[in-house]
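Assemble the whole structure, with the sequences as input and the hints as a guide.
Protein chains: 2
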Amino acid sequence: MNDDFKVTPWEVTGEIDYDQLITRFGTKKIDREMLDRLSGYGELHPMLRRSVVYSQRDLGWLLDLYDKGQKFFLYTGRGPSGGTHLGHLMPWIFTKYLQDLFHVNLYFQMTDDEKYLFNENLSLDDTRRAAYDNALDFIALGFDPEKTKIVIDTEQIKLLYPLALKVAKRVTFSTAKAVFGFDNSNNIGSIFYTSMQAAPCFIEDALYGKNTPCLIPCGIDQDAHFRVARDVAPLLGYHKPALIHNKMFPGLTGNDKMSSSQPLTTIFTTDKPREVKKKIGNAFTGGQASVDEQRKLGGRPEVCSVFKYQYFLFEKDDRALDDLSERCRKGEILCGECKQLLTQRINEFLEEHQRKREEAKERLHEFMLPPTC
Amino acid sequence: MNDDFKVTPWEVTGEIDYDQLITRFGTKKIDREMLDRLSGYGELHPMLRRSVVYSQRDLGWLLDLYDKGQKFFLYTGRGPSGGTHLGHLMPWIFTKYLQDLFHVNLYFQMTDDEKYLFNENLSLDDTRRAAYDNALDFIALGFDPEKTKIVIDTEQIKLLYPLALKVAKRVTFSTAKAVFGFDNSNNIGSIFYTSMQAAPCFIEDALYGKNTPCLIPCGIDQDAHFRVARDVAPLLGYHKPALIHNKMFPGLTGNDKMSSSQPLTTIFTTDKPREVKKKIGNAFTGGQASVDEQRKLGGRPEVCSVFKYQYFLFEKDDRALDDLSERCRKGEILCGECKQLLTQRINEFLEEHQRKREEAKERLHEFMLPPTC
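If you read the protein sequences in the order shown, they are chains C and B.
Anchor point for the first sequence: position 3 equals 2 in numbering that gives the first Met the number 0, and the numbering is continuous, going up by one each time.
Anchor point for the second sequence: position 311 equals 310 in numbering that gives the first Met the number 0, and the numbering is continuous, going up by one each time.
Hints should not be assumed to be uniformly reliable.
If several chains are the same, the list does not tell them apart, and a pair holds so long as it fits within one copy or across any two.
Said to hold, decoys possible - With a Cα cut of at most 25 Å, we get these calculated DMTMM-like pairs of lysine to aspartate or glutamate:
| no. | residue 1 | residue 2 |
| --- | --- | --- |
| 1 | K176 | D3 |
| 2 | K157 | E365 |
| 3 | K5 | E361 |
| 4 | K239 | E119 |
| 5 | K157 | D125 |
| 6 | K157 | D204 |
| 7 | K239 | D124 |
| 8 | K209 | D125 |
| 9 | K5 | D182 |
| 10 | K278 | E357 |
| 11 | K27 | E347 |
| 12 | K209 | D124 |
| 13 | K146 | D57 |
| 14 | K157 | D124 |
| 15 | K315 | E325 |
| 16 | K67 | D204 |
| 17 | K295 | D204 |
| 18 | K239 | E350 |
| 19 | K360 | D2 |
| 20 | K95 | D35 |
| 21 | K157 | D132 |
| 22 | K176 | E119 |
| 23 | K95 | E331 |
| 24 | K27 | D124 |
Keep in mind that the hints were calculated from the coordinates and are not lab data.
Below you can see the structure in the form of structure tokens.
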């Protein structure tokens, strides 16, 4: 068993054993039974069929309530430290699927305070600017502004702070140490911060005086925050937030997580076609050292970042994906072709995304809460 | 030397040796030279003449700047946990003296978040309600709304939070432990809180983009917060706040600090004349066991809470105060008479105060920052 990996809200390193994370964190695998149940609400998203979204907490309980007519709301977010990349879009795309499936409200938190507190080199102006920039990518995905609001921590702090205080009062430094691995050298803002990430779980109380159940689609790396939020919720008379976790979007180097800190191997939403071409061209694959060997021995899609991109995000047709995998293993397709195919897909996607992203600049206000909040 | 006392922002116990606090905290005594300098701006307040206001940090530096034409602003505040008592009024009265002397802006912080975080039994509604209630007592003292703004933490959080984050990023848990005596059992909100108390030191940057020097009149028990703020200020490019400290207003039991948690021996600003009479009637004095002994041996004003009230707040005439002390020592005046005199003084003061307090209900908005803040 591989124990040599780390998954926290601020650090993902090593080769992640996702099944082991379920045991470590105490979540539940999304099993056949749950997939069957979910398919009752509409077609299963490829991320569900492929176990990209693979773990949950209290999802069954939430669906029971939903079936009885109790609406929930969705809550997800982004730590705005720089440009948006494909890895950020993935859970947002899945969140849109959930919103379309269940017709529920969605709150999207921009944690500009977090990114400021946890990054020595970022100013609060940097992270606030990033929040407004990243919001364009979020809006570009086509959310309905009637049901969707963006909450920027330093902007909507008047709404969030009382909720954060209620959480903070119930969390000791011992707990924060145990959950996040903090020590005496952490700054006191970073220690407080988890309360801010918990706050939107209860946002409909602050907005409408309603104890609405909440479902959080997020990367499994964010689970720690919501373990804290779930422990505190009943003490405040709130429902525990339910969760649905996705795996980390892979990097182009074969790493387990795409990271903005490696811009040359990260595809940003504002990249131009030739940049994408170059980055995909340099990507780590599962191919052999030479064309001859590849023809003879075949490639290994399971380690190939180019294949993973199709698997996680771009090839929605399961048969086409299996076919691609098959042809790779048999040496029928070379890495160059595969890269070309993916580059084309990404560039088609980005062309459309960048157009919508420009339009979003005029629509930001539609996604903001009223200034009184 | 008496070491057996404790003075922190949340706990004052034992018999306080105020000179020793100066050494412990590293502040400066307000000496003859400083009093002479201050008297150049106007008549010295009795609290200065009597060393009720007795310690400072960087006051000389601040006056140097002022003399060169650089205005500072005043910042003081209140932790709103219940009704206002005379002990709370004392530093506010001194603050008004300073504002009248120097014609400067004043920001008054209501730390409803602090009181919520540090008191298990108080809800955030309780402390917010107390903030609005206590504000009436502040306004009743006659501040000029053109120069004076009340800042309620949860209301003006959008203004304060970015400043608090900047402070919080520069303060480690080690520091908070060392300064405040925190341990692992403290809640993460209380650990963060000092950043909120530091924030108004830099409020004119947030309001006007100005790095205005700041003078904080406060109880010496609050010094710990501002040691932190002073350490951080230069890292953020701000002036260190200057301080001017008062001693704790005595309790009626002979304790060193009046406390709301002992309502029967605490005089609230809303007390009725007969309540005041009863409380003063039961007060601890320096008198002898019998009238005969008192006539023969005299009393001890230095331990008498009734005398201390005259000393700290009600008898502004130094000669009249000396005369009272003299007559007590000689047994010429009995405790009953002294209590009657003080009761009358307090009731006269409270009658006027309560009238102005009623008027303040219509004037709250004049003291609030615009809603955009």
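Evaluation of the provided hints:
With identical chains, the CA atoms of K176 and D3 are at most 25 Å apart within one copy only, with a shortest distance of 21 Å there and 33 Å across copies. For the identical chains of this complex, K157 and E365 are neighbours both inside a copy (19 Å) and across copies (21 Å), given an alpha-carbon limit of 25 Å. Taking the shortest Cα distances, K5 and E361 never come within 25 Å of each other, neither inside one copy (40 Å) nor across copies (58 Å). Taking CA atoms no more than 25 Å apart as the test, K239 paired with E119 passes between copies only; the shortest distance there is 22 Å, against 33 Å inside one copy.
In the homo-oligomer, the alpha carbons of K157 and D125 lie at most 25 Å apart both inside one protomer (21 Å) and across protomers (18 Å), since each shortest distance falls under that limit. With identical chains, the CA atoms of K157 and D204 are at most 25 Å apart both within one copy (14 Å) and between copies (20 Å). With identical chains, the CA atoms of K239 and D124 are at most 25 Å apart between copies only, with a shortest distance of 23 Å across copies and 33 Å within one. Taking the shortest Cα distances, K209 and D125 sit within 25 Å of each other only across copies (21 Å), while inside one copy they are farther apart (34 Å).
For a Cα distance limit of 25 Å, the shortest separation of K5 from D182 inside one copy, 17 Å, qualifies, whereas the shortest one across copies, 27 Å, does not. Taking the closest pair of Cα atoms, K278 and E357 come within 25 Å of each other only inside a single copy of the chain (24 Å); across copies the shortest separation is 71 Å, beyond that limit. Within a single copy, K27 and E347 get their C-alpha atoms no closer than 36 Å, and across copies no closer than 70 Å, so neither meets the 25 Å cut-off. Only between protomers do K209 and D124 lie at most 25 Å apart by alpha-carbon distance; the minimum there is 17 Å, versus 34 Å within a single protomer.
For the identical chains of this complex, K146 and D57 are intra-copy neighbours only, at 23 Å inside a copy versus 54 Å across copies, given an alpha-carbon limit of 25 Å. When the C-alpha separation of K157 and D124 is checked against a cutoff of 25 Å, the pair qualifies both within a copy, at 19 Å, and between copies, at 15 Å. Within a single copy, K315 and E325 get their C-alpha atoms as close as 16 Å, which meets the 25 Å cut-off; across copies the closest is 95 Å, which misses it. Only within a single protomer do K67 and D204 lie at most 25 Å apart by alpha-carbon distance; the minimum there is 21 Å, versus 52 Å between protomers.
In this assembly of identical chains, K295 and D204 lie within 25 Å of each other by CA distance neither inside one copy nor across copies; the values are 62 Å within and 69 Å between. Within a single copy, K239 and E350 get their C-alpha atoms no closer than 40 Å, and across copies no closer than 52 Å, so neither meets the 25 Å cut-off. Taking the shortest Cα distances, K360 and D2 never come within 25 Å of each other, neither inside one copy (45 Å) nor across copies (64 Å). In this assembly of identical chains, K95 and D35 lie within 25 Å of each other by CA distance solely inside one copy; the values are 20 Å within and 71 Å between copies.
Taking the shortest Cα distances, K157 and D132 sit within 25 Å of each other both inside one copy (22 Å) and across copies (21 Å). Taking CA atoms no more than 25 Å apart as the test, K176 paired with E119 passes in both settings, with 20 Å inside one copy and 22 Å between copies. In this homomeric assembly, K95 and E331 never come within 25 Å of each other (Cα to Cα): the closest approach is 36 Å inside a single copy and 86 Å across copies. When the C-alpha separation of K27 and D124 is checked against a cutoff of 25 Å, the pair qualifies neither within a copy, at 39 Å, nor between copies, at 38 Å.
Of the numbered hints stated above, those contradicted by the structure are hints 3, 11, 17, 18, 19, 23 and 24, listed in ascending order.
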